[in-house]
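**Student:** With the sequences and hints as input, model every part of the structure.
So the protein sequences, as listed, match chains Z and A.
The first sequence lines up with residues 149 to 256 when you count with this note's numbering.
The second sequence lines up with residues 61 to 170 when you count with this note's numbering.
Keep in mind the hints are simulated off the structure, nothing from the lab.
Careful, some of the hints might be misleading.
Here are the computed distance ranges between Cβ atoms for each label pair [as the list claims (entries may be wrong)]:
| hint | chain 1 | residue 1 | chain 2 | residue 2 | range |
| --- | --- | --- | --- | --- | --- |
| 1 | Z | E201 | A | P141 | 39 to 49 Å |
| 2 | A | I78 | Z | A186 | 25 to 35 Å |
| 3 | A | D87 | Z | Q245 | 14 to 24 Å |
Backbone N, C-alpha and C define an ideal beta-carbon position, used for all residues, glycine too.
These are the residues of each chain, in order.
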Amino acid sequence: EAGVTQSPTHLIKTRGQQATLRCSPISGHTSVYWYQQALGLGLQFLLWYDEGEERNRGNFPPRFSGRQFPNYSSELNVNALELEDSALYLCASSWAQYFGPGTRLLVL
Amino acid sequence: QKEVEQNSGPLSVPEGAIASLNCTYSDRGSQSFFWYRQYSGKSPELIMFIYSNGDKEDGRFTAQLNKASQYVSLLIRDSQPSDSATYLCAVIIGDDKIIFGKGTRLHILP
Numbered sequence: 149e150a151g152v153t154q155s156p157t158h159l160i161k162t163r164g165q166q167a168t169l170r171c172s173p174i175s176g177h178t179s180v181y182w183y184q185q186a187l188g189l190g191l192q193f194l195l196w197y198d199e200g201e202e203r204n205r206g207n208f209p210p211r212f213s214g215r216q217f218p219n220y221s222s223e224l225n226v227n228a229l230e231l232e233d234s235a236l237y238l239c240a241s242s243w244a245q246y247f248g249p250g251t252r253l254l255v256l
Numbered sequence: 061q062k063e064v065e066q067n068s069g070p071l072s073v074p075e076g077a078i079a080s081l082n083c084t085y086s087d088r089g090s091q092s093f094f095w096y097r098q099y100s101g102k103s104p105e106l107i108m109f110i111y112s113n114g115d116k117e118d119g120r121f122t123a124q125l126n127k128a129s130q131y132v133s134l135l136i137r138d139s140q141p142s143d144s145a146t147y148l149c150a151v152i153i154g155d156d157k158i159i160f161g162k163g164t165r166l167h168i169l170p
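**Tutor:** Structure, rendered in structure tokens:
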């Protein structure tokens with residue numbers, strides 16, 4: 149059984165650009181949870197999608213958004229990138245039980 | 061207000077000894093608690109889950125929960141160099157909120 153997958157593994161953008169990150173949950177899981185792990189700030193909950201709907205979001209500005217597709221995969225979009233958005237973005241199935249390998253976003 | 065606190069470390073422990081990692085939390089309504097291991101550059105890996113007061117053992121790992129004192133700890137017996145990692149504590153509050161600590165770096169000395 150494949151685990152949680154994420155793409156790309158690394159992403160380099162400049163300030164003001166948009167970033168799109170992708171995640172596929174474990175087969176049979178309907179929920180996707182997004183987290184940000186920035187240096188010095190720890191792991192923070194971003195967004196929760198289940199059955200195609202946004203169920204909850206953390207304390208992040210609206211430029212962090214996403215969606216979930218009918219096959220339960222998900223996209224996280226970050227608009228108007230800022231330097232402090234540089235972080236490891238993690239996706240998880242089952243709330244916080246199975247994490248994907250992450251996407252490391254660097255904003256220059 | 062810091063909701064989940066961990067000593068950042070590094071905590072250095074000789075190989076074969078017991079490593080003791082601590083986590084305190086502020087919300088008395090917290091019900092469930094997780095411990096993760098995260099190697100540098102990798103994603104967190106869930107190693108323990110506890111929700112009842114007392115101890116829970118799984119192999120070399122023991123989680124201890126004391127809700128009255130609002131702390132949860134992780135003991136690693138017979139520490140191995142491969143246990144060197146950052147250990148994250150997470151607390152579930154209510155039905156939909158999870159708060160992570162910033163983690164404790166553990167270094168096992170060969």
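**Student:** Would you mind marking each hint as holding or not holding in the structure?
**Tutor:** Cross-check of the supplied hints:
Taking the beta carbon of each, E201/Z and P141/A are about 45 Å apart, inside 39 to 49 Å as hinted. Evaluation of the 25 to 35 Å hint for I78/A and A186/Z yields a pass: the beta carbon distance comes to about 32 Å. Checked against the given bound of 14 to 24 Å, the beta carbons of D87/A and Q245/Z, roughly 21 Å apart, stay inside it.
Of the numbered hints stated above, none is contradicted by the structure.
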